[in-house]
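Student: Letter by letter, the chains look like this.
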Amino acid sequence: MKLLEYEAKDIFVEYGIPTSTGYVIEDVDNLKAILYKIGLPVILKAQVLVGGRGKAGGIKMAKTEDEAVQKARDILGMEIKGLPVKKLLVCTPSEIQKELYVGFVVDRNKKKMALLASTEGGIDIEQVAEKSPEKIIKEYIDPIIGIQDYQCRSVAKKLGFDGNNMLSLASIIYKLGKIMEDKDAELIEINPLAITPKGFEALDAKLVIDDNSLYRHKEFELDLKESQEFTEIEKVAKEAGLAYVELDGDVGIIGCGAGLVMASLDVINHYGGKPANFLDIGGGANADNMKKALEIITMKSGLKAIFINIFGGITKCDEIANGILEFKPTVPVYVRMMGTNEEKAREILNSAGYELYQSMQEAAKAAVKR
Amino acid sequence: MSILVDEKTKVVVQGATGHQGQFHTTRMKGYGTNIVGGVTPGKGGQMMGDIPIFDSVEEADADASIIFVPARFVKSSALEAISLGLSPVVCITEHVPVKDAMFLMDYARQYDVDIVGPNTPGLISPGKALAGILPPHIFERGEVGLVSRSGTLTYEIIDELTKNGLGQSTALGIGGDPVIGMDFLSTLERFEADKETKAIVMIGEIGGNAEELAAEYIRDNITKPVVSYIAGKTAPPGKRMGHAGAVISGKSGTAESKIAALNAVGVQVATMPHEVPKLIKDVL
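Each protein sequence line maps, in turn, to chains A and B.
Per this note's numbering, the very first residue in the first sequence carries number -5; after that it's consecutive.
Per this note's numbering, the very first residue in the second sequence carries number 5; after that it's consecutive.
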């Protein structure tokens, strides 16, 4: 679950990380009251869950009230990478002397949390990693012991700081690591962490919470209706407990197991088709699940064919067949099923005029060449 | 030979009396796995068919464990098995928080225990033992070792192998999560050392760089032929494709990068799953 900048910044403040906060508005009418409180100039920042907001025109500085109102109206009316901007963060600009990067990630290979820091802040850290990897300082955190102060001091020192500056930077790094641990984050970033005449200040905030840990973090209750992370169809699928990803093609796809569904997409693509979605119905699905899955993928307009690919282990093929018939699809359906109760499924489907393919490539080819 | 489990391995099932646990425990025993008991705290002393249920892992006198408990109890259950030195500990459970997974992997390293998973279908040494939820009837004993990040895609490819007369020494699902125990490297190392295994199939998918690391490892350490398939060539960046670990972030984790790395060290990568048997026949 990704948090918006201002939501992450609220947590930074709670942990005592010096942060450029401000006020969030959804309506330009509320801007003047804020300008009265914090004065001019202001920075207006679109609150959307995509990178590259600045380049897309989602971050603007305004020096006068009229300019602020005009720019706020522009940003609140725009879409950034397909996401409408509904919220705007209004804050006072800081006097930036230098920009650093500090973040924590899950290192899949080391199976540990890694602390990353760099003097090259303010730009995409992946670019730094690619062009000048020597400029990234890395420190691994022991998963059982947790983050320790000395590790943060060592990183602050390696970034070139000493004395009180080293100590205050180390304290920020430590607090950031604590948020990562306490909140079950899979990613946390301050980019940039600015050096200003008043000291360090987090100008931006990125925080991604591990979805699998949400049961023990009631503070992050996902408001699906408000969420920008998912498309409308993805929200319906999420409510139904199905893993669905909307894509831009016209062949709807349902399969069991993430790997097999990914392979199904690839095979459709191989024969020249374009997948409209990824949908994993999971293991042990029954007729109702299948019907629901069909309802979800057909919410997308312009579907020309549906490819269903089931390798039935704990999934019973006859249940799937019944689900298809109950739904009564209006788009041609190409079904490949193997495994438990395959023969029963064949009878059910054949009697309704559907063919049952035995190999995924044959069914995929048929779905594309229809 | 085979890797990790065989007909002698004494296996305990943690969470054996739940809905999934019961079904799979019975099936594993039916396949010939040496199931010595199940563990469900509070139900010690009961029998599930001919399988005794214990309150703790310690009472079961086992060599290895399989975990079916709900995600929020996995950390504690796995710690119980690890602290007794059981190995492997196979964690079938999905949706385990990544913080718990990191904790467990570190703890297991200290006890020299192999963890398989979490979010894995487990493993099978055909004709000897089934330690997981893989459908046993599609497997045949033979010389191909298979390691995979996916469950159903494994079944798909196993089915093709078996139909083409290519049996398996051991097939292992390492799991679809970002942080897992046994990975491509440690599994490849076991297959290299296993006398029964003559060729290796490695099934990867988008996300992370495990396949790229495996390519380097194969170049430096593996003498047996390796054939691969990588799922997710059409996956868009930033979207999780079902598995928690299957997500392309920025430029890293793409299928192209993985296929290129494997091809560069001489590993043939099948374009489609059904082409794997042919590639294996070419190298055997």
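Source of the hints: derived by calculation from the structure; they are not laboratory data.
Note that the structure is a prediction, hence the values are computed from the model and not measured.
Among the hints, erroneous ones may be present.
Keeping only pairs whose Cα atoms sit at most 27 Å apart, straight-line, the calculated DSS-like set for lysine-lysine is [said to hold, decoys possible]: (1) A/K132 / B/K199; (2) A/K338 / B/K167; (3) B/K237 / A/K(-4); (4) B/K237 / A/K363; (5) A/K104 / B/K167; (6) A/K75 / B/K243; (7) A/K229 / B/K243; (8) B/K237 / A/K229; (9) B/K243 / A/K200; (10) A/K80 / B/K243; (11) A/K49 / B/K243; (12) B/K237 / A/K359; (13) A/K(-4) / B/K167; (14) A/K54 / A/K31; (15) B/K243 / A/K268; (16) B/K243 / A/K298; (17) A/K75 / B/K167; (18) A/K125 / B/K79; (19) B/K167 / A/K232; (20) B/K255 / A/K129.
Student: Take the hints in turn and mark each one as holding or not.
Tutor: We went through each hint and held it up to the structure:
no., hint, in the structure
1, A/K132 / B/K199, "violated (40 Å)"
2, A/K338 / B/K167, "holds (22 Å)"
3, B/K237 / A/K(-4), "holds (25 Å)"
4, B/K237 / A/K363, "holds (21 Å)"
5, A/K104 / B/K167, "violated (38 Å)"
6, A/K75 / B/K243, "holds (14 Å)"
7, A/K229 / B/K243, "holds (14 Å)"
8, B/K237 / A/K229, "holds (24 Å)"
9, B/K243 / A/K200, "holds (17 Å)"
10, A/K80 / B/K243, "holds (22 Å)"
11, A/K49 / B/K243, "holds (22 Å)"
12, B/K237 / A/K359, "holds (17 Å)"
13, A/K(-4) / B/K167, "violated (45 Å)"
14, A/K54 / A/K31, "holds (19 Å)"
15, B/K243 / A/K268, "holds (17 Å)"
16, B/K243 / A/K298, "holds (24 Å)"
17, A/K75 / B/K167, "violated (47 Å)"
18, A/K125 / B/K79, "violated (39 Å)"
19, B/K167 / A/K232, "violated (37 Å)"
20, B/K255 / A/K129, "holds (19 Å)"
Hint compliance for this structure: hints 1, 5, 13, 17, 18 and 19 are not met, and every other hint is.
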